[in-house]
Amino acid sequence: MSKCCGTSKATSDAASCCCGGGDKIVLLYSCSGGANVGQISDQAARELMFEGKGTMFCLAGLGGDIQGMVQTARDADVNLVIDGCPMDCAKKAFDRHGITNYAQIKVTDLRIEKVKGVRCTNEQVAQVVAAARSKLG
1209 MSKCCGTSKA TSDAASCCCG GGDKIVLLYS CSGGANVGQI SDQAARELMF
1259 EGKGTMFCLA GLGGDIQGMV QTARDADVNL VIDGCPMDCA KKAFDRHGIT
1309 NYAQIKVTDL RIEKVKGVRC TNEQVAQVVA AARSKLG
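According to this note's numbering, the stretch in the sequence shown is residues 1209 to 1345, in order.
Simulated from the structure, these hints should not be mistaken for laboratory data.
The structure displayed is predicted, hence computed values, not measured ones.
Any given hint could be a false lead.
For each label pair, taking beta carbons as the anchor points, the in silico distance ranges come out as [claimed, not checked]: (1) D1273 to N1309: 29 to 37 Å; (2) Q1279 to D1317: 27 to 35 Å; (3) Q1279 to E1331: 35 to 43 Å; (4) A1334 to D1273: 16 to 24 Å; (5) M1295 to A1338: 30 to 38 Å; (6) G1260 to N1309: 14 to 22 Å; (7) Q1312 to D1273: 15 to 23 Å; (8) G1272 to E1321: 25 to 33 Å.
Glycine is no exception: its CB is placed at the ideal position from the N, C-alpha and C atoms.
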């Protein structure tokens, strides 16, 4: 028995407990900053989770040095990091902990401009979801 993605739930099959099912444990981490690109990142990660591509996990827990969450990220097969802008906050949290099993998408690299106080569009979210699907295979 192992713990389910760093929670107290015991399971003998970590891949089916909460991490996207299938053979690989895929965790999704998103920027949730105050600009449109944070909203896009968050909504894209949720869409990927609803599609069964992985499970969202707590970026704040990683940044806050919650050791169980850090270990869960280390133990995952793939961590998909969706950063909103060139600040790379999510990537930096992984790098600071020496976690290398991640792939990164940066919303602004997809030619989506960071604008504070502007809502994102469904088309922008779909663009990030498509990029994530390509990264995840």
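Quick rundown of the hints versus the structure:
The supplied range of 29 to 37 Å is broken by D1273 and N1309, whose beta-carbon atoms lie about 18 Å from each other. For the pair Q1279 and D1317, the supplied restraint of 27 to 35 Å holds, since their beta-carbon distance comes to about 29 Å. Range check, Q1279 to E1331: Cβ separation about 37 Å, and the 35 to 43 Å hint holds. One distance hint, 16 to 24 Å for the beta-carbon pair A1334 and D1273, is violated here, with the actual separation near 34 Å.
For the hinted restraint 30 to 38 Å between M1295 and A1338, the CB-CB distance of approximately 23 Å leaves it violated. Taken as a hint, the range 14 to 22 Å holds for the pair G1260 and N1309, whose Cβ atoms sit roughly 20 Å apart. For the pair Q1312 and D1273, the supplied restraint of 15 to 23 Å holds, since their beta-carbon distance comes to about 21 Å. Roughly 30 Å separates the CB atoms of G1272 and E1321, a value that falls within the hinted 25 to 33 Å.
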